[in-house]
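Student: Top to bottom, those sequences are chains A and B.
The numbering of the first sequence is the numbering used here, which starts it at -16 and goes up by one.
The numbering of the second sequence is the numbering used here, which starts it at 1326 and goes up by one.
Hint data in this document are derived by calculation from the structure and do not stem from the laboratory.
Some clues are possibly wrong.
Derived Cβ-Cβ restraints for the label pairs, each shown as a range [what the hints assert, rightly or not]: (1) B/Phe1569 to A/Thr152: 49 to 57 Å; (2) B/Asn1327 to A/Asp2: 52 to 60 Å; (3) B/Lys1603 to A/Arg44: 53 to 61 Å; (4) A/Pro119 to B/Arg1691: 23 to 31 Å; (5) A/Asn(-10) to B/His1369: 19 to 27 Å; (6) B/Val1682 to A/Lys26: 54 to 62 Å; (7) A/Asp2 to B/His1369: 37 to 45 Å.
Just so it is clear, the structure is predicted and the values come from calculations on it, not from any experiment.
A virtual CB, placed ideally from N, CA and C, is assigned to each residue, including glycine.
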Amino acid sequence: MANTVDNNGWREFVAGKADGFRILYDRYVDQLLDFGCRFDSDKSLIKDLIHDLFLDLYRYRPRLDPDVNARAYLYSSLRRRIVAARRKQKKFAALEEITEGEIPFLIEWDLEQLTIRNEEERAKLSWVAQELAMLPRRQQEALYLRFTCGLTYDQVADIMEVSEASCRTGVYRAIKSIRTRLGVKGISTQLFTILLLQNERVTKSGQFS
Amino acid sequence: MNRKVEDILINDDPLESVASEPDGPVKELASGILRLLRFQRKEHMDAAEKVELWLRIEASRRSAERHLMARTLIGWAAVACLFVGLGGLIWFLQSGRRQPQALTVAAHGAQRLPLDSGAINLMMSGDRPLLLADDQAIDIGKLIDPDNGAKAKTSGSFKTLTIPYGKRSEAVFPDGSKVWLNAGSQLTFPESFDNRNRIVYLDGEGYFEIRSDPEHPFYVYTADMLITVLGTEFNVSSYRDDTFAATTVVHGKVSLKGVGEGKFEDLVLMPGLSAVWKRESGTLEVKEDNVTDHVSWTKKEMVLKSATLGELRQRLERIYNVNIVGEDNVLNGETFSGTLDLTQPLISLLNSLYDPVEYKIYQEERRVIIKRIKTIN
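Please work from the sequences and hints to get the whole structure.
Tutor: Below, the structure is given as structure tokens:
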């Protein structure tokens, strides 16, 4: 995936360039909001946390590392703040244990942004979306960071506070799980293709993969 | 090569990896999953939210800096040093350049006021609006409570003057500068406005005549531009619902800087030139202009050069505070040139443009309707 990580805004900010702070904000705030809202639907809480984050960035600017990956750094920082805020609110005290770094990842996978050719494709992708929703939350988070946000494995690992290997394994398992569960459901990759094709030519007979 | 879906997508370049897979069921599934993962709805903030959050951050940042400065200064033992330190601190608080963020927050807050009320009013943050007479120039100095003056310097409160649709007004600043505000405009200024702290936020249209003071520039903030003025006459058009914002210089010169959504290089604008910021395309155009076109409204007239009614409609609606309704071929079918006299009632004005033989123009409550009379061929 051609993931251009433009660190210039970050470097200039850390170097203390005039307007660097505002440019940093412009460049990253939307992404940060999107990311933050995957963990808590309270948009104004996320905005508060982003406010705190930027304030600290400004305060500690002289000590920041200009070469760090900006997006990963900002995401991790926001994520930690969300965890801290949640602990304070004790929202999940009775219901779930919040283990270190573990907060429920809330994405609702949907088809709205996709251009879909026909009803069969829509049905098929809905099944995929359902399967995604049933994956463990940590795997969903990894998929979101890796594919929706387009981050590299080491960036994802930084943000989720795991090793890169662990990250790759998680992504691999998640996708494999989707594939096999679709197979179990009777939707083999073949059937998938058949449903996708406009004409009803059967390409291969055969096995469930 | 018999790759499984997960092998394809685990690749460092999944797009490439899918593309290089031969056509078939595996590729289709991998492609479908990848598409679904990539294209998810994004939570976002609209422009106003984004600015508001920024302003909060800036306000907190400055407040933190002030406390830091104060703590540093108090540490100085010698009286002389303390005196200098305090002087510096007061400068910091009053500095026009540091204020704008809070000013803009206040201005945005005020913009939720109706422009339809029919009365010129002054709104203070949190207070009830004060109605003003609309037959005389507004003295801003009087509106800034003299008792509050000392408090205002530290509390940073603002007032907003609202000129509703259908009205127009002149306002005079404490330093002698003047502004003519067109219909549907709001002008926000700090209570601490004085000769040394000259700063306003404009939403709408204003023609400014600024008293010269090179040591203390006059700042006009709008949604897209910061206009820095030393001693000048210029017109600013920055309506929230317009697709463009324009500054035109008549005398003197101003310097412009892009703010908010738009960013453009600082530039100095000389007389006879207009800088037009096009919001949709995000571009700035500087062009020579016949400046009477832009400021004719102050003389209660509008100069037209091959304009269609469709182009004028919004301005006329604000000035007369009605809705102008007509079919597309009516509004855009003909162009007009010349000078419109805006002291006339709207219907007689429109009748001077549209031949009454061909068009019927009438008013229904708040709507003025232009209809082409069908002729029998």
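Student: Against each hint, give a clear statement of whether it holds in the structure.
Tutor: Tested hints:
{"no.": "1", "hint": "B/Phe1569 to A/Thr152: 49 to 57 Å", "verdict": "holds (54 Å)"}
{"no.": "2", "hint": "B/Asn1327 to A/Asp2: 52 to 60 Å", "verdict": "holds (54 Å)"}
{"no.": "3", "hint": "B/Lys1603 to A/Arg44: 53 to 61 Å", "verdict": "violated (35 Å)"}
{"no.": "4", "hint": "A/Pro119 to B/Arg1691: 23 to 31 Å", "verdict": "violated (59 Å)"}
{"no.": "5", "hint": "A/Asn(-10) to B/His1369: 19 to 27 Å", "verdict": "holds (23 Å)"}
{"no.": "6", "hint": "B/Val1682 to A/Lys26: 54 to 62 Å", "verdict": "holds (58 Å)"}
{"no.": "7", "hint": "A/Asp2 to B/His1369: 37 to 45 Å", "verdict": "violated (23 Å)"}
This entry does not satisfy hints 3, 4, 7, going by the numbered hints stated previously.
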